[in-house]
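Visitor: For reference, the chains in residue letters:
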Amino acid sequence: MKRGNFIFALSLEFIGIFVLVYSYKLGLQKITNPGPGLFPFLLGIFLCLVVLPALFESFKKSTELHPVDKTIDTQALSPFVQLCVVILCLFEFFFLLEILGFVIAIFLFLFGLFWVGNPGRWVFNSLISIGTVLVTYLMFNTLLQVALPLGILK
Amino acid sequence: MFIQSEIILGFQQVIEPMNLLYCFFGVLMGTLVGVLPGIGPTATISLLLPLALIASPLQGIVMLAGIYYGAMYGGSTTSILVNIPGEAASVVTCLDGYAMARQGRAGPALGMAAIGSFIGGTLSLVGLMLLAVPLSKVALGFGPAEYFGLLCIGLLLVLYLSHGSFSKGLTIAVIGLLLGCIGTDETSGKVRFAFGIPELYDGLDVVPMVVGLFGISEVLINLGSRDKRVTVKTSVKNLLPNLEDWKRSAFPILRGSALGFFIGLIPGGGTVLSSFISYALEKKISKHPEEFGKGAIEGVAGPETANNASVGASFIPLFGLGIPSNVVMAILLASLTIHGVTPGPNFIEKNQTFFWAIVASMYIGNIMLLILNLPLVGIWVKILKIPYRLLFPWILLFCMVGAYTVNSRVSDVLTAITFGIFGYLLKKLDYESAPLALGFVLGPMFELSFRQTMSISGGSLGFFLERPVALVAFTLSAVVLISTFFNGIKKIREQVLDDPNSS
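If you read the protein sequences in the order shown, they are chains A and B.
Position one of the first sequence corresponds to residue 7 (our numbering), numbered consecutively onward.
Position one of the second sequence corresponds to residue 231 (our numbering), numbered consecutively onward.
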C-alpha cells in the first residue's frame with residue numbers, strides 16, 4: 007500500500023491547491039471582515055502543508071522498496087471478489103431503489119450480499135432475503151410510518 | 231438540594247414507558263455490538279442515528295448514549311471468553327480475563343467486569359452531575375476567541391492521543407473541516423464547493439456521512455477476515471466473585487473510577503486510553519506484578535471500571551461547553567443540533583429537565599446493563615456464535631435504509647456509499663476516519679468563532695493572546711504541534727541512520 011499512500015497523499019496535495027484557487031475566487035475580503043473564501047483558503051494552505059510529511063514518507067518508502075511480489079495467491083482473490091460484489095450490491099440499491107421500488111431493490115441487494123457469504127446456497131439465500139425484506143418493510147412502512155418508494159409495484 | 235430536586239425531576243421525566251424503552255433498546259444494542267467483534271459503538275450509533283432522529287430529542291439521545299456505555303459493558307464478554315476484544319477499550323481485558331477463563335474462572339471475571347463497569351459508570355455520573363453545571367457557568371464568560379482556542383486544543387489532543395499517525399490524523403481532520411464548508415455560507419449567502427449540485431446547497435448531511443464512514447467501511451474492511459471464534463470451554467456459572475476477589479479488586483475499581491473519569495474529561499482521552507493506563511497503573515503498584523497476564527483479577531477490574539468511568543466524563547465538555555471530546559460525542563452533538571437542541575454554556579440552564587433526564591437515564595441504563603450482563607451472559611455467549619457472513623448483510627441493510635429514510639432522498643444513499651468506500655480506503659492506507667467526522671462537525675463552529683474573533687479584534691491575531699483561556703489553549707496547541715514536529719524529525723533521522731544505503 008506504499009504506492010497507494012503516495013497516490014493518496016499526492017491527490018490530497020492537488021485537492022489542497024484546488025481549494026486554494028477555488029476559495030481565492032470565492033473572495034477572501036479583509037481579515038477584519040472575512041469573506042466566504044478566507045476560512046477554506048486557510049484550510050487549503052494547512053492541507054498542503056500537513057500532507058507533506060505523508061507524501062515525503064510514502065515517496066521515501068516507495069523508492070526503498072524491493073520490486074513488489076506479483077505472485078497471486080488464489081485464496082487471496084476471494085476477499086477481493088467479495089468486496090467487488092458487495093460494492094456492486096450497494097450501487098444496485100442506489101440505482102434501482104426508485105426505479106424498481108424498495109421491495110425488489112432490497113431483495114436483490116440482500117440476495118447478493120447473502121450470496122457473498124454463502125455461495126451456492128440458493129434456497130437458503132432466497133428464503134433469508136425474502137424474510138428480511140418482509141420484516142424490514144413491515145418495520146419501516148407499518149411500524150415507523152416511513153414512506154418507501156414503490157417503483158414498478160405502484 | 232438543587233441537584234437533588236433536579237435529578238428527581240429527571241427521573242420523573244425518564245421513567246415514562248417510551249423513554250425507558252429507548253433506554254433499554256440503547257443499552258441492549260450497546261451490549262450486542264460490544265459482544266460482537268467487527269462492529270463498534272461508533273458504527274452502531276451511526277447506524278441508529280436515523281432512528282434517533284425519528285424519536286424525540288430525549289429518546290434519541292438516551293438511546294445513543296445507551297449504546298455508547300452499553301458497548302463498554304459488552305466488550306468485556308468477548309475479551310474474556312474468546313480472547314477477541316468486542317471493542318477497542320476492552321483490548322487489555324483479554325490479557326487477564328482470558329487467562330482467568332482458561333483457569334475455569336470465567337464467571338468471576340465476567341462478574342467483576344460487570345460490577346466494576348457499574349461502579350465506574352455510576353461514580354462518573356456523580357462527577358457529571360457535580361461538574362457539568364459549574365463548567366457551563368464558567369463557560370458563559372467565554373467569547374469566540376476562547377472557543378476558537380478550545381476547539382483547536384480539543385481537536386489536536388484528540389489526534390495526539392489517538393493511536394494512529396498524528397500528521398495523517400491532522401490531514402484527515404482538515405479534510406473534515408473542508409467538508410464542513412460545503413454549502414451556503416451563512417454570512418455572505420454564497421454557495422461554496424457545491425459545483426452546481428442542488429443537493430449540496432444545504433451542505434453535506436451528517437447522517438449518511440457517518441453511516442458510510444463507520445458502518446459501510448467497517449463491513450468492507452471486515453469482509454476478508456477469517457470468521458473463527460473459539461469460545462473457551464468453561465463454565466460461566468458462579469458469576470459473583472469470592473471474598474478474595476473482592477479484596478483484590480476493591481481498590482483497582484476505585485482507582486479505575488477516578489482515573490477513567492479524569493481521562494474522559496480530556497479531549498481524545500476516551501475509553502481506550504483510560505483502560506490502558508489503568509492496567510499499567512495496577513500492574514505498577516501491585517505487590518504481585520508477575521501475576522498480570524496470567525489471570526490477575528485486578529487486570530480485569532481496573533480497566534473495565536476505567537473505560538466506563540470515562541464515558542460519563544466525556545459528556546461534561548459536550549454539555550458544559552458544547553465541544554465534543556471524541557467522535558461519538560461529535561455524532562451526539564450533530565444529532566442534538568438536528569433536533570434543534572444546541573449544547574453549550576446555556577444548554578443546561580435552558581434545558582434543565584432535558585439534561586437531568588439524560589443523567590437519570592444513565593443511572594437507569596447502568597442498572598439495566600448490570601441485569602443484562604450478569605444473568606443473561608449465556609445468551610451473549612450464544613450470540614457470539616452467529617457467523618459474520620450472516621450478520622454483515624443486515625448491517626449493510628440498516629446502513630442503506632437508514633441513509634435513505636432520514637430525508638427520503640436517494641442522493642443520501644450515494645453519499646453513504648461514497649463515504650463508505652472512502653472510509654475503506656482510509657483504513658487500508660492506515661488513516662483513521664474518526665478525525666474526518668470530528669472535523670466535519672466542528673468545522674462550522676471553527677469558522678464562526680474565527681470570523682467573530684476577527685471582526686471583534688479588528689483583524690489582530692494578538693487578540694487571541696489577550697484572553698487568558700485562549701492563551702493557555704494556544705500555548706498547549708503549540709506544545710502539541712512542536713513536540714509532534716520534533717518527534718517526526720527524530721523518527722526520520724533514526725530511519726536515515728538505520729538505512730544502510732543512506733551513506
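None of these hints come from the bench; they were simulated from the model.
These numbers were taken from a predicted model, which means no experiment stands behind them.
One thing to keep in mind: the hints can contain errors.
To be verified - Calculated pairs, SDA-like style, for lysine to any residue (alpha carbon to alpha carbon, straight line, at most 25 Å):
{"hint": "1", "chain 1": "B", "residue 1": "721", "chain 2": "A", "residue 2": "61"}
{"hint": "2", "chain 1": "A", "residue 1": "8", "chain 2": "B", "residue 2": "652"}
{"hint": "3", "chain 1": "B", "residue 1": "657", "chain 2": "A", "residue 2": "160"}
{"hint": "4", "chain 1": "B", "residue 1": "658", "chain 2": "A", "residue 2": "88"}
{"hint": "5", "chain 1": "B", "residue 1": "657", "chain 2": "A", "residue 2": "94"}
{"hint": "6", "chain 1": "A", "residue 1": "31", "chain 2": "B", "residue 2": "409"}
{"hint": "7", "chain 1": "A", "residue 1": "31", "chain 2": "B", "residue 2": "657"}
{"hint": "8", "chain 1": "B", "residue 1": "658", "chain 2": "A", "residue 2": "118"}
{"hint": "9", "chain 1": "A", "residue 1": "8", "chain 2": "B", "residue 2": "395"}
{"hint": "10", "chain 1": "A", "residue 1": "8", "chain 2": "B", "residue 2": "678"}
{"hint": "11", "chain 1": "A", "residue 1": "160", "chain 2": "A", "residue 2": "150"}
{"hint": "12", "chain 1": "B", "residue 1": "721", "chain 2": "B", "residue 2": "678"}
{"hint": "13", "chain 1": "B", "residue 1": "658", "chain 2": "B", "residue 2": "409"}
Visitor: Taking only the CA atoms, is the gap from residue 160 of chain A to residue 150 of chain A under or equal to 25 Å?
Guide: holds (20 Å)
Visitor: Run the distance test for residue 658 of chain B versus residue 118 of chain A: straight-line Cα separation, threshold 25 Å.
Guide: holds (24 Å)
Visitor: With the threshold set at 25 Å, check whether the alpha-carbon distance from residue 657 of chain B to residue 160 of chain A stays at or below it.
Guide: Violated. Residue 657 of chain B to residue 160 of chain A sits at ~42 Å, over the 25 Å cutoff.
Visitor: Just to be careful, I want the Cα atoms of residue 658 of chain B and residue 409 of chain B compared with a cutoff of 25 Å; is the pair within it?
Guide: holds (21 Å)
Visitor: Holds or violated: residue 721 of chain B with residue 61 of chain A, Cα cutoff 25 Å?
Guide: holds (15 Å)
Visitor: Does the structure keep residue 658 of chain B and residue 88 of chain A at a Cα separation of 25 Å or less?
Guide: holds (16 Å)
Visitor: Are the Cα positions of residue 8 of chain A and residue 652 of chain B separated by 25 Å at most?
Guide: holds (17 Å)
Visitor: Run the distance test for residue 657 of chain B versus residue 94 of chain A: straight-line Cα separation, threshold 25 Å.
Guide: The hint holds at about 20 Å.
Visitor: Given the hinted pair residue 721 of chain B and residue 678 of chain B, is their alpha-carbon gap at most 25 Å?
Guide: Status violated; Cα separation ~37 Å.
Visitor: Would you check the hint for residue 31 of chain A and residue 657 of chain B, treating anything up to 25 Å between C-alpha atoms as holding?
Guide: violated (34 Å)
Visitor: Could you grab the alpha-carbon distance between residue 8 of chain A and residue 678 of chain B and see if it respects the 25 Å cut-off?
Guide: Distance ~38 Å between residue 8 of chain A and residue 678 of chain B Cα, so the pair is violated.
Visitor: For residue 31 of chain A and residue 409 of chain B, compute the direct alpha-carbon distance and say whether it is at most 25 Å.
Guide: holds (18 Å)
Hint compliance for this structure: hints 3, 7, 10, 12 are not met, and every other hint is.
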